Amino acid sequence: MFTQIFFIYCALMIIASSILAISFRNPIHCVLMVLVLFFHMAGLYLTLNAEFLAAVQIIVYAGAILVLYLFVLFLVSLRDEIRLIPFIANAWIGRAVSAGLAGVLLFAVLPSFTIGEKGRWTVEAVREVTHTKAIGQELYTTYLLPFEIAGLILLVALLGGLVLARRERGESDDEEVSADTTHPGSTPIQEEVS
Amino acid sequence: MNILLMLVWIIILFCVVMLHVAYATYFERKIIGRMQVRMGPMRVGWYGLLQPIADGIKSFFKEDIVPDRADKPVFLMAPIICLVAMMASLAVLPFAKGWVLADIDIGLLFIFAMSGLASYGIVLAGWSSNSKYSFLGGLRSMAQVISYEVAMGLSLVGVMLMAGSLNLTEIVEAQGDSFLGMYLMPQCIGFFVFFVSMLAETNRVPFDLPEAETELVSGYSTEYSGMRYAMFFMAEYIGMMVMASIGTVCFLGGWNGPFPVPFFPPLWFVLKVYMFMFIFIWIRATLPRYRYDQLMGLGWKLLIPVALGNIVLTAFMKAIIG
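So the protein lines, in turn, are chains C and E. Take the first sequence: its letter number 100 is residue 89 in the numbering used here, and every next letter is one higher. Take the second sequence: its letter number 207 is residue 220 in the numbering used here, and every next letter is one higher.
Keep in mind that the hints were calculated from the coordinates and are not lab data. The hints are all genuine.
Just a sample of chain C residues kept apart from chain E, beta carbon distances all over 12 Å, derived: (1) Ile(-6); (2) Cys(-1); (3) Ile4; (4) Pro75; (5) Arg84; (6) Ser87; (7) Ala88; (8) Gly89; (9) Phe102; (10) Ala114; (11) Thr131; (12) Leu134; (13) Phe136; (14) Leu141; (15) Ala146; (16) Gly149.
Taking lysine to aspartate or glutamate and the EDC-like style, the derived pairs with C-alpha atoms no more than 16 Å apart in a straight line are: (17) E:Lys110 with E:Asp190; (18) E:Lys145 with E:Asp84; (19) E:Lys43 with E:Asp68; (20) C:Lys122 with E:Asp118; (21) E:Lys145 with E:Glu228; (22) C:Lys122 with E:Glu183.
All figures in this text were calculated on a predicted structure; none of them were measured in a lab. All C-beta atoms, glycine included, are put in the ideal place defined by N, C-alpha and C.
Could you put the whole structure together from the sequences, leaning on the hints where they help?
Structure follows, in structure tokens:
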């Protein structure tokens, strides 16, 4: 009973905050709405007994990625640099297209939902070994190869970011790229965004 | 019934922690006073003992000023985010065997999540005040907290590996009640990294750049006044206590001591936390502030590689010994 109410609350809040996130004018407020969204997603994971996933959702998405978004938003001058040219002139056509896209996604995804438990890890099994251990075991045995591939892709992206940041700054200045990004005057981040 | 009991426990914990926070400020002022060869607060009550209460009442009745061009909702919310996040992490701390509000399996991760959330309070306070000093303070704090959170998380992975759990109670129990069982010795590298990043994470000297008085007035909290300013203050001290508790739980064997105390089991825990607090204050009275690029260099070029090395070393030792 409590779980159901909690689920409904989280689901409604996710929908509401994601709509607000795309409708606020001020980008900082949008990011804050996304923060609320992430928290309720973590709440949904909790209803699924996936507490590790919930914690990591908050630590990684809210604690790191979203903070970086905020950082970028702080450093660009909002009024001048974020001026979007509408991709589709008429708003209603855009809405229709996005509704259609959502419909296609739902059509593709919905059949794969089945009610009840599936596979080896039932709620009891997860509870017994704790979710952290279960996810670790699965990740490093059954899904080792996909995990390594994902790691490699992330490494490539990391190196790519590094190469891009280096080229902007030239060879002369070797000192602390990360420190320099905090001075609003000389910002590599700004250049990347614009 | 169960919920009511829980509420009572929460209220008790809240009151005790608030009192501790109030007297932690007194403790700090007295110690720093002594270290600078002066008396510290002496006027209010016997040896100034009522000073924290007087300060609390004063800040409660001060006018709550909101700057004209501030982003009002965010400005009003920021201190609350900060305080709530810090307080939430109190729920998972085991003060003694069984003295924990929420004995969850991911206690350590929960604390990281909450300290990540608390940094939002600071960042948003800096931004929404619409003032140069606040903004610079917020930016600095953001960069600092992100980089040191990585180092801190990695430094505790060694402890997680040795204890085989993220549950704080189980981490304490895995250390046993002997002196040699404490993770301080086998995890001394991890402890070093943890200690430095603990100072940075709580924005304390020598890493107090977000509120460096000499350059930024008082950083992110420049535009705040009255109770909202006091909230930041409380959040900072609760943060210190939470970090000290994590250090105690993960490295100093938690509530275990040389002999069990019959009526008040958390005694050793409290003593160890206060030892950490004393070191915090001692460092504040001793060290000058870091320069900003030094701070970043230390975090990314020294602490994170050392912590990663510690993880590999611990994993190897665990694989060899079993």
